[in-house]
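Can you make the complete structure from the sequences, with help from the hints?
Protein sequences, first through last, are from chains A and B. According to our numbering, the first sequence is numbered sequentially starting from 33. According to our numbering, the second sequence is numbered sequentially starting from 868.
Quick caveat, the hints were computed from the structure, so don't treat them as lab data. A quick note: this is a predicted structure, and the numbers were derived from the prediction, not measured. Watch out, some of these pointers could steer you wrong.
Listed next, the in silico DSS-like pairs over lysine-lysine satisfying Cα-Cα at most 30 Å (straight line) [to be verified]:
#	chain 1	residue 1	chain 2	residue 2
1	A	K126	B	K1016
2	A	K134	B	K1016
3	A	K105	A	K126
4	B	K902	A	K164
5	B	K1016	A	K159
6	B	K934	B	K902
7	A	K164	B	K878
8	A	K164	A	K134
9	B	K934	A	K86
10	B	K934	A	K126
11	B	K1018	A	K126
12	B	K1016	A	K105
13	B	K1015	A	K159
14	A	K134	A	K86
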Amino acid sequence: MARKKSSGPEQTDIDMTPMIDVTFQLITFFVFTLNFSEAVTDDRIQLPMSQLAKPAEGPATNPITLQLMTNGKVIYAGEPVALQDIGGYLENEKRVMISASKEPSSATVIVRADGRSNTGDVQDLIKVCQEKGFERFVLRAEYDESR
Amino acid sequence: MAKHRDELPSKIAIDMTPMIDVVFQLITFFMLTLKTVISEGDFDIRMPLGASAGAAPEDPIPPVRVKMTAGPSGERTSMTMNGQPVGDFDDLRRRVIDLVGTGPGSNADKTEVELDCDPALKYENVIRAVTAVSGMVQPDGTVVELIKKIKFAPPKKR
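This is how it looks when you write it as structure tokens:
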């Protein structure tokens, strides 16, 4: 090793230009594909597929995303919560909305339920939301491009 | 100016290391924050509290009742529309089109669908039923919209 080093030139000039070109192209690509949307997604949920599930035109007003897992637990703010306990969290949401002088009925509850979960759980979740004064619901599905 | 230039060394070696460091950090940041966007869509459902007791008086047409029953493992065992047995979701869509019609003069805007499902039914069946009643995709890719007003029947006791 020592011999090799001493036999080489004193300073090797590596042409950095192509690497920097490529690197800047990569940066440009990543900057353009950067997604600023605050869409809540979770790997624990496998949404049902639908051919008509086209993305909404605009963002939902005051969205509250509730994700229902197959075991009947609801992912709220990233944490799994039992279905019977979700009412307390929704009460907090309601209080925050009222303190910001917004009506709970103006909020959109986005239901991201797993396709394999029970319909009864989805209905129970909607019922809890209704009891807290939320009225607008959307059922989220994944766009099925296969047909 | 010419005098100045003469004083400068023949080649200026710019140290690229800090710039490349920063650039790689930027790349790493963007790569880690990259999110693959799965196109998702929403179905609106109409569920105001208190409306479950019956159809609103301004609805001239009674709601279409779609009932689905489930087997022990949550699979769909039967489906009816207004009491008539329905084979599959394509059949359901055909019956909805027969009922409300398409194009101008369609009653789709005035009609409401009420989904009555067994609690154990797998939720994907609900979405398939909602898809069937809310529209159809034609071979050229255009979407014919059918009934948009969808609600759930009051949940059954379990």
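request  = Any hints from earlier that this structure breaks? Give me their numbers in increasing order, please.
outcome  = 4, 6, 7 and 10
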